[in-house]
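Q: First to last, the sequence lines map onto chains A and B.
The first sequence begins at 1 in the UniProt record's numbering and counts up one residue at a time.
The second sequence begins at 1 in the UniProt record's numbering and counts up one residue at a time.
Check the hints yourself; a few may be wrong.
[What the hints assert, rightly or not] Quick list of in silico lysine to aspartate or glutamate cross-link-like pairs, EDC-like style, CA-CA up to 16 angstroms: (1) B/K84 <-> A/D228; (2) B/K84 <-> B/D253; (3) B/K139 <-> B/D201; (4) A/K139 <-> B/D151; (5) A/K237 <-> A/D201; (6) A/K273 <-> A/E354; (7) B/K139 <-> B/D89; (8) A/K84 <-> A/D201; (9) B/K139 <-> A/D151; (10) A/K84 <-> B/D228; (11) A/K237 <-> A/E191; (12) B/K139 <-> B/D108.
The set of hints was computed from the structure by calculation and includes no laboratory data.
Here the structure is a predicted model, which means the values were calculated and not measured.
Number of protein chains: 2
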Amino acid sequence: MSEPMPARGFPPAEFQTRITRLQTAMAHAGHSALLLTSSADIFYTTGFLTRFWESPARPWFVLIPATGTPIAVIPAIGADLMGKTWITDIRTWDAPFPEDDGLSLLSDTLAEIVPETGTIGLPMGLETQLRMPLADYTKITQTLAPRRFVDATDTVQRTREIKSEVEIRKIRATCAVADRAFARISDYAAEGRSHAQVFRDFQRVLLEEGADWVSYTAGGAGQGGYGDVISPAGDQKLIAGDILMLDTGAVLDGYFCDFDRNFAITRADDAAKRAYDQLYQATDHVLATLRPGHRACDVHAMFAQSLTAQGATPGAGRLGHGLGVTLTEWPSFTPHDTTELRAGMVLTLEPGVEIAPGRFQVHEENIVLRAHGCELLSTRAPAALPILR
Amino acid sequence: MSEPMPARGFPPAEFQTRITRLQTAMAHAGHSALLLTSSADIFYTTGFLTRFWESPARPWFVLIPATGTPIAVIPAIGADLMGKTWITDIRTWDAPFPEDDGLSLLSDTLAEIVPETGTIGLPMGLETQLRMPLADYTKITQTLAPRRFVDATDTVQRTREIKSEVEIRKIRATCAVADRAFARISDYAAEGRSHAQVFRDFQRVLLEEGADWVSYTAGGAGQGGYGDVISPAGDQKLIAGDILMLDTGAVLDGYFCDFDRNFAITRADDAAKRAYDQLYQATDHVLATLRPGHRACDVHAMFAQSLTAQGATPGAGRLGHGLGVTLTEWPSFTPHDTTELRAGMVLTLEPGVEIAPGRFQVHEENIVLRAHGCELLSTRAPAALPILR
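Using the sequences and the hints given, assemble the complete structure.
A: Next comes the structure, spelled out in structure tokens:
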């Protein structure tokens, strides 16, 4: 049934293609180099994959020159692992070193590859964060003057958002892990089990089904629908009439899935079944309609129109987003995001409806956008609300 | 045997004490307000606990005024959960909103509580990161001028690093989860099992033993010792003579443990046993010697001297660090960190030795520093290298 799991990692050619695409965008934007500090950008350009990012102690830097291959300026503890990637220019310091935590090494390297008249691109925009101490950033902007730091959000996002076929295979494999975990729902969710136990077991089953780790699970449960979907699970027990939603960002070889499933506990009232059907129909509508050239805000409008036409009240907030090497990537399906959707983007379709004040249902699928339209990466949810008896 | 698990969350008095301590430090530093953006600082001051931070899409802000209670300026999706904490002043916007992603709401709120002559403290130093788009930060520094943004790393770190008794109980409970998972090592590690399977099962067992989630696992395995300790597990199998190290940052109610255990597979050579003994003795030495008033660098020296006196070569890098609401906290046991160690700090003791070039063994325990010395939070490792037959 399922495809074999893709081989670990990527061939150097995959990274070379990524760097060439970045360098083309850099040339267009006039950046002499890119400075990358986030785990996602560094994994994307080098293949450096570790859970060590969980420790905030040390900054990590990767520089993309205008031509040639990336340079890693990293704590010595990462030299061995970085040495196993395609990166050959690896410069290290013994971090953490309070007086100079890699800063002079970083400055020297940037000065080497960026002329004094040049600019250094750094992601500074929406959905980006600078993963280094702010005071150190301020210092290098002074040290490296007259070189200027400029926003490179577009350069990075327009590159990363188009996934290669091998990336798409990775995300499909991660989605398959979650598919299998959801298929085993009866093993771990039933009337009388506590939310905390169900959330814990859901993670256990994701691991059993092949996740390397489980970076995110969320969910909600309540009579006929749920409110908040970002709280940790409590000790209350599932009761008949609850709608249980489980959502996961499991990780396989550095790539995330991000979709949810809804289940009724023992029985479902008509309003919950109707909401499920409305969300299912709205998702079918977008699956059939969405094409490259639509904008992010168009997807929001498609969902809102389909739900409203069915007499439902669309949920607030965004109704889907990008997906890949982080749990969520840009763009956001809101009325305000005008990002153009292009073939090769991996996206979540995530409509929600408000059944009653504070009572919601949210439905989510993962897709890749192709020239002809949507291709599912998650196995489509059941057409009717499943009832766990 | 083990203590019952502490109740979830904290009473409002715990947070009030934290805020009073922060405000005392703020007054001393002359900050009119603190701006907090990281999950750890926001959890610490409000109790807002969610895995939703995994999504980089939205910034979150908490302001600590010079007097009074914190103000949350957050995406609307978090209003429900924040409303369950002790925070009452919660201001929201419908994020993500590209043109103004909470920025005017944040500016207005800061302008309300900080006089034009005042300063806004923001952690900018070592081991801190600004979790908001850099371009937005630059904008508010201009909007809010002549108010100045200044470094508040000390204010936050000197407060957070002293744990309350209820925090210490939480960390002890998380350590107990890992203790139980390590005690079951024979269930999931043996000759012939792949590294990937062992790492995956270790996480599964941590969940079974009560972890809410597993934010970090790492490890290594190799003949007589291991090299790199930050790589993901590969498909190679454990073989006789391997030393297997597993390290975990499991999470219970928002608090981490961070310690490792070493195991020999089927048999152990003398060098591996000797390294284990040396690390065990060095740890005993620090457990017996460390007192409030020592500096972080003194701990490094204690380890280095004990290991060197035993004829061992101390590993490079830091030999321990703080622990709490993130996997690692400051200070760092390096020769360069002069942070004073005080009663109430929760710390990891993490000596390593280099057995041969590129072959290491690392040993780790978690402690709380008391007026009289170290109190273990992890159950002390076995006195001799355990052999899994």
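Q: Confirm or reject each hint.
A: Hints versus structure:
1. Only pairs whose Cα atoms come within 16 angstroms are accepted, and B/K84 paired with A/D228 is accepted, the gap being roughly 11 angstroms.
2. A threshold of 16 angstroms between alpha carbons decides the hint, and for B/K84 with B/D253 the separation of about 15 angstroms falls inside it, so the pair holds.
3. Between the alpha carbons of B/K139 and B/D201 the distance comes to roughly 47 angstroms, so the proposed pair goes past 16 angstroms and is violated.
4. Simply put, A/K139 and B/D151 have alpha-carbon atoms about 13 angstroms apart, close enough for the 16 angstroms limit, and the pair holds.
5. For a cut-off of 16 angstroms, the pair hint linking A/K237 to A/D201 stands: about 14 angstroms separates their Cα positions.
6. Restraint check for A/K273 and A/E354: the C-alpha separation of about 13 angstroms stays at or below 16 angstroms, so the hint holds.
7. A distance of roughly 24 angstroms separates the Cα atoms of B/K139 and B/D89; the hinted pair therefore is violated under the 16 angstroms criterion.
8. Under the criterion of a C-alpha separation no larger than 16 angstroms, the hint pairing A/K84 with A/D201 is inconsistent with the structure, at around 34 angstroms.
9. Only pairs whose Cα atoms come within 16 angstroms are accepted, and B/K139 paired with A/D151 is accepted, the gap being roughly 13 angstroms.
10. For the hint pairing A/K84 with B/D228, the CA-to-CA distance comes to about 11 angstroms; that is within 16 angstroms, so the pair holds.
11. Distance hint between A/K237 and A/E191 is fulfilled; the C-alpha atoms sit about 7 angstroms from each other, no more than 16 angstroms.
12. Between the alpha carbons of B/K139 and B/D108 the distance comes to roughly 13 angstroms, so the proposed pair stays at or under 16 angstroms and holds.
Of the numbered hints listed earlier, those contradicted by the structure are 3, 7 and 8.
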